[in-house]
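*Asks:* Each chain is listed here by its residues.
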Amino acid sequence: MSAASAAVAPAPSRLRLGPLVLIAPAAILLAVFLVIPYLNILLMSFRAPGQGTPYGEGFTIANYLRFFSDGFYIRQVANTLWIGFLCTAICLVVGFPVAWQLARGSPRFRAIGYGLVLSPLLVGIVIRSYGWTILLGNNGLINRTLTNIGLIEGPLPLMYNALGIVIALVHVFLPFMILPLMAAIQGVDPSLETAARSLGASRLTAFRRVTLPLCMPGIQAGCILVFVLSLSAYVTPSLIGGLRVKTMAVTVVDALIDTFQWPWGSALALILSVTGALIVVLFARLTRMKWKVART
Amino acid sequence: MRSRVLAAYCILIYLFLAAPIIIVVGASFNAGNFLTFPPQGLSLRWYVVFFHNDVFMRAIRTSLWVAAVTTCVSLVVGTMAALFYVQHAGRWKETVRVAMLAPLLLPEVLTAIALLFFVYAIGIGTRSMFGMVVGHVLMTLPFVFINVAASLESFDPDWDMAARSLGAGRWTRFRRIMLPLIKPGVIGGALFAFIISFDLFTISFLLKGIGTSTLPIQLFDYLRTNFTPEAAAVSTLSVLLTLGVVIVSDKVLGLKLHRF
Chain F
48 MSAASAAVAP APSRLRLGPL VLIAPAAILL AVFLVIPYLN ILLMSFRAPG
98 QGTPYGEGFT IANYLRFFSD GFYIRQVANT LWIGFLCTAI CLVVGFPVAW
148 QLARGSPRFR AIGYGLVLSP LLVGIVIRSY GWTILLGNNG LINRTLTNIG
198 LIEGPLPLMY NALGIVIALV HVFLPFMILP LMAAIQGVDP SLETAARSLG
248 ASRLTAFRRV TLPLCMPGIQ AGCILVFVLS LSAYVTPSLI GGLRVKTMAV
298 TVVDALIDTF QWPWGSALAL ILSVTGALIV VLFARLTRMK WKVART
Chain D
626 MRSRVLAAYC ILIYLFLAAP IIIVVGASFN AGNFLTFPPQ GLSLRWYVVF
676 FHNDVFMRAI RTSLWVAAVT TCVSLVVGTM AALFYVQHAG RWKETVRVAM
726 LAPLLLPEVL TAIALLFFVY AIGIGTRSMF GMVVGHVLMT LPFVFINVAA
776 SLESFDPDWD MAARSLGAGR WTRFRRIMLP LIKPGVIGGA LFAFIISFDL
826 FTISFLLKGI GTSTLPIQLF DYLRTNFTPE AAAVSTLSVL LTLGVVIVSD
876 KVLGLKLHRF
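Protein chains in written order, with the working numbering: chain F, 48 to 343; chain D, 626 to 885.
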C-alpha cells in the first residue's frame, strides 16, 4: 500500500500536465472575462471622448486631467471615502460585542445568533435597502411614530443624506464584519486573558494588551471587506441618497448608463478603485505596525 | 450581570439586522394604496396585482433561469478548480486560491463595467444574456470554490487508493467515492451560487439587455418611480423563494454549509 501510494501520489512541488485540465476552464474564464476586460477598461480610460459614440479616436490623458481639475469630483471621492470610513468604523464598534458573544457565549445562543447574523445575507440588497426607505423616509415609520408621540414637530432628515446611507450600509455590511471578528475571537485562548489578569492586569488592560492584538487579523479582514464593499455599493446609496447625495459608484454608473461617456466613466471608476486599494494597503501596513508595538 | 447586558445588546443588533426585512414583509399585506407601516388593514390585494403584472412575472422567470444556468456552470468549473487546488496545485496553491477569489476581492462595480465594455468590444453586446450569465458565473465561482475546497481538504486519499486498488477507474472513483464524500461542500457551493446569482445586482444592472431584467433590477426600476405596496409583495415572494431553496437543500439534499 505504501509503495503504491508513493508511486501514485503527485510530487508536491512539480506540476503535472494531466491535472491542468481541471484548472483549465476556470483559468480560461478568469483570463478572458476578468483579466482582459480589466486591461481593456484601463485602456478605455485613456481614450478620447466620442461625439455621439461611446468613445472617440486616439488616446489622451484628458479624462484624468478633467478629474483632478474639477473640485466637484474630488469632493465626491472624498465624500465616498468618508462614508466608507464611517461605515467601517461603526460596523467594527457595533459588531465587536456581537462577535464576542457569538465566539464566547453559550453554544445554544451561538447557533441561533449565527443564523440571525447570516440570514440577512439571504435577502437581496434591493429589498433590504427598500426596507430602509420605508423606515427612514419623511413619511416613514420612524418619523411617523415620533411625530405621533409628539417628540418632534416636522420629519427628521433621515433619508436623502449621508446619515441615511450610512445607517443602511452599516446594516447591509455588518455581517461581513461580525463573521471574521468571530473567527478571530474564537482563535484566542481565553486562558491568556486569565493569565494576564492573574499577573495584575485590569480587565481593560488585559483586553487591550492581550486579546485585542491577537484579534488583529480578524479586525483587519473585517475592516477591509466592509470598506471595499461600501466604496463600490450602488443600490443602497442610489435608493437612500436619491438625487440629493451621490456616492462615486452612483456617479460612475449613471455616467455610463445615462450619458454613455465610457472613457470618462472608466477613469472615474479606476480612480475610485485605486484610491480605495491604496487606503487598504496603508491600513494593513499601519495596523500591522501597531500590532508589533503592542507585542513588545 | 455583564453577560446579561451583552445578551440584551446582541438581541438589539439582531433586531436591527432583521428590521427592514420584517418591515417589507409586513408592508406587503397592506390594504391601502400607499406604503405605510403599520398597515391600514390586512389584505392580499397587492399579491393579486403582482401576479397579474407580466413585467414582474417575466423578471422572476429570467432570474430563476439565469440563477439555474449560473449555478450549473459555476458548480462544474468551480469543483474542477477545487480538485486541482487541493490535489495537484503543489507550490502554486496560494496563487490558485488568490486567482479564484479575485472576483470577490475586486469591486463589483468595476468588474461589471469592465465586462460591459468587453462584451461590446467582442461584438456580442447585451442583446443576448451571454454577458450577464458570464458575470454571474464570475461572481459565484469563488463561493463554489471555497465550499468544495473545504470539503476536499477533509477527504482522505486512502479511500481513493482503496477503490483504485480494487480496479475502479478514474471516473468511477470520482462518482462513487469522492462525490458522495464531498457532497455537503458541493451542495453548499451550489446553494451559495444560486442565492448570490438570484440577488446579484450591479452585474445584472449593467449587462442586462432589453427585456432581460432580473427580479432585483425590475424591483429597483419600479422603486425609483412607484411607492405602492406591490414592491413589498414582490420582495416578500423573492424572500420566500430563497428561503424555499435553502429549506429544500437542507431537508432533501442534506446540506452542510462550511463557514468561511
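Hints may contain errors.
Claimed, not checked - Sample of chain F residues at the chain D side, in silico, Cβ under 8 Å:
id	residue
1	Pro66
2	Leu139
3	Val141
4	Ile172
5	His218
6	Phe254
To be verified - Stretch by stretch, here's where chain F covers chain D in the computed footprint (C-beta under 8 Å, at least three residues):
id	segment
7	637-646
8	666-677
9	682-690
10	698-708
11	733-743
12	798-808
13	817-824
What the hints assert, rightly or not - Far from chain D by the CB rule (all over 12 Å, computed), these chain F residues:
id	residue
14	Leu86
15	Leu90
16	Tyr102
17	Tyr120
18	Gly160
19	Leu203
20	Asp236
21	Leu259
22	Leu261
23	Leu276
24	Ser313
For the record, the hints were derived by calculation from the structure and aren't laboratory data.
Note that the Cβ used here is the ideal one computed from N, Cα and C, for glycine as well.
*Asks:* State for each hint whether it applies.
*Replies:* Against the structure, the hints:
| no. | hint | verdict |
| --- | --- | --- |
| 1 | Pro66 | holds (4 Å) |
| 2 | Leu139 | violated (13 Å) |
| 3 | Val141 | holds (7 Å) |
| 4 | Ile172 | holds (6 Å) |
| 5 | His218 | holds (7 Å) |
| 6 | Phe254 | violated (13 Å) |
| 7 | 637-646 | holds (count 8) |
| 8 | 666-677 | violated (count 0) |
| 9 | 682-690 | violated (count 0) |
| 10 | 698-708 | holds (count 6) |
| 11 | 733-743 | holds (count 10) |
| 12 | 798-808 | violated (count 0) |
| 13 | 817-824 | holds (count 3) |
| 14 | Leu86 | violated (9 Å) |
| 15 | Leu90 | violated (9 Å) |
| 16 | Tyr102 | violated (9 Å) |
| 17 | Tyr120 | holds (16 Å) |
| 18 | Gly160 | violated (6 Å) |
| 19 | Leu203 | holds (17 Å) |
| 20 | Asp236 | holds (19 Å) |
| 21 | Leu259 | holds (17 Å) |
| 22 | Leu261 | holds (20 Å) |
| 23 | Leu276 | violated (8 Å) |
| 24 | Ser313 | violated (7 Å) |
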